[in-house]
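> Sequences and hints are given; from them, build the entire structure.
Read off the chains here:
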Amino acid sequence: SQQGEEDPQALSIQEGENATMNCSYKTSINNLQWYRQNSGRGLVHLILIRSNEREKHSGRLRVTLDTSKKSSSLLITASRAADTASYFCAPQGKLIFGQGTTLQVKP
Amino acid sequence: SAVISQKPSRDICQRGTSLTIQCQVDSQVTMMFWYRQQPGQSLTLIATANQGSEATYESGFVIDKFPISRPNLTFSTLTVSNMSPEDSSIYLCSVDLRLAGGEQFFGPGTRLTVL
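In the order they appear, the protein sequences are chains A and B.
Sequential numbering of the first sequence, starting at 1, is according to the working numbering.
Sequential numbering of the second sequence, starting at 1001, is according to the working numbering.
No wet-lab data here; the hints were simulated from the structure.
In this text, all values refer to a predicted model and were calculated from it rather than measured experimentally.
Positions of the beta carbon are idealized from the N, C-alpha and C atoms, including for glycine.
Incorrect hints may appear among the rest.
What the hints assert, rightly or not - Covered stretches of chain A (chain B as the covering partner; in silico rule of three or more C-beta atoms under 8 Å from a C-beta of chain B):
hint	region
1	37-43
2	53-67
Said to hold, decoys possible - Beta-carbon label-pair distances, calculated as ranges:
hint	chain 1	residue 1	chain 2	residue 2	range
3	B	P1008	A	K69	27 to 35 Å
4	B	S1059	A	N38	46 to 54 Å
5	B	P1108	A	Q104	17 to 25 Å
Claimed, not checked - Negatives, chain A to chain B, calculated, CB over 12 Å:
hint	residue
6	D7
7	N18
8	N22
This is how it looks when you write it as structure tokens:
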């Protein structure tokens, strides 16, 4: 198992702007998952991307995976105040979580 | 996906007492996990609970403090024993839907405050 490391730790943007957060990991994986956590609540599964996929979309979310660089990114387009949350990536296996990226979207 | 419920959603307990948290899933799953999230921190895995076998605990967590039951493929309990204020956390259960492609889903969490 390994931990994903999110970057930046904190991000503040205006509503309507795009938000990009990155994730790095250390060893080869078969898949990687992204989660959102609103303050004090459970984790919401956003997307799973497999190692043979380079990009995946879900609504306003776009996830990329670069296995050569051992990194992934999550792009939220046209952000909304409701997107304010912490975002975590989790490389495959026994999920170990980093500190996440705290996103604040200002109305 | 999976629908996961936890009971209680929150509780305030006295030091020295124990609390049992229940996790119910709407489908049969092989692997269930229990996590702790202390205030302002990320999630930490406590243990992995597979049906029919003893739970596997992560470093820093022991069965006497966090006994886990897994009586069937849709249910698990985590007990926080002999609680102290340091146990104040959100406790989350999670399931791994390997048969559905490997996604891991989380319950809504149990917010525990120990006085």
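> Compare the structure with each hint and give your call.
Here is how each hint holds up against the structure:
Three residues within the 8 Å Cβ limit are the bar, and the region 37-43 of chain A against chain B gives 4, so the coverage statement holds. Under a criterion of three residues with beta carbons nearer than 8 Å to beta carbons of chain B, the stated coverage of the region 53-67 of chain A fails, only 0 such residues being counted. Range check, P1008 (chain B) to K69 (chain A): Cβ separation about 44 Å, and the 27 to 35 Å hint is violated. One distance hint, 46 to 54 Å for the beta-carbon pair S1059 (chain B) and N38 (chain A), is violated here, with the actual separation near 29 Å.
For the pair P1108 (chain B) and Q104 (chain A), the beta carbons lie near 23 Å from each other, so the given range of 17 to 25 Å is met. Distance check for D7 (chain A) against chain B: the nearest CB is about 14 Å away, which clears 12 Å, and the non-interface claim stands. Even its closest Cβ contact with chain B, about 25 Å, leaves N18 (chain A) beyond 12 Å, as expected for a residue assigned away from the interface. Look at N22 (chain A): its CB is around 16 Å from the nearest CB on chain B, clear of 12 Å, so calling it non-interface holds up.
Of the numbered hints stated above, those contradicted by the structure are hints 2, 3 and 4, listed in ascending order.
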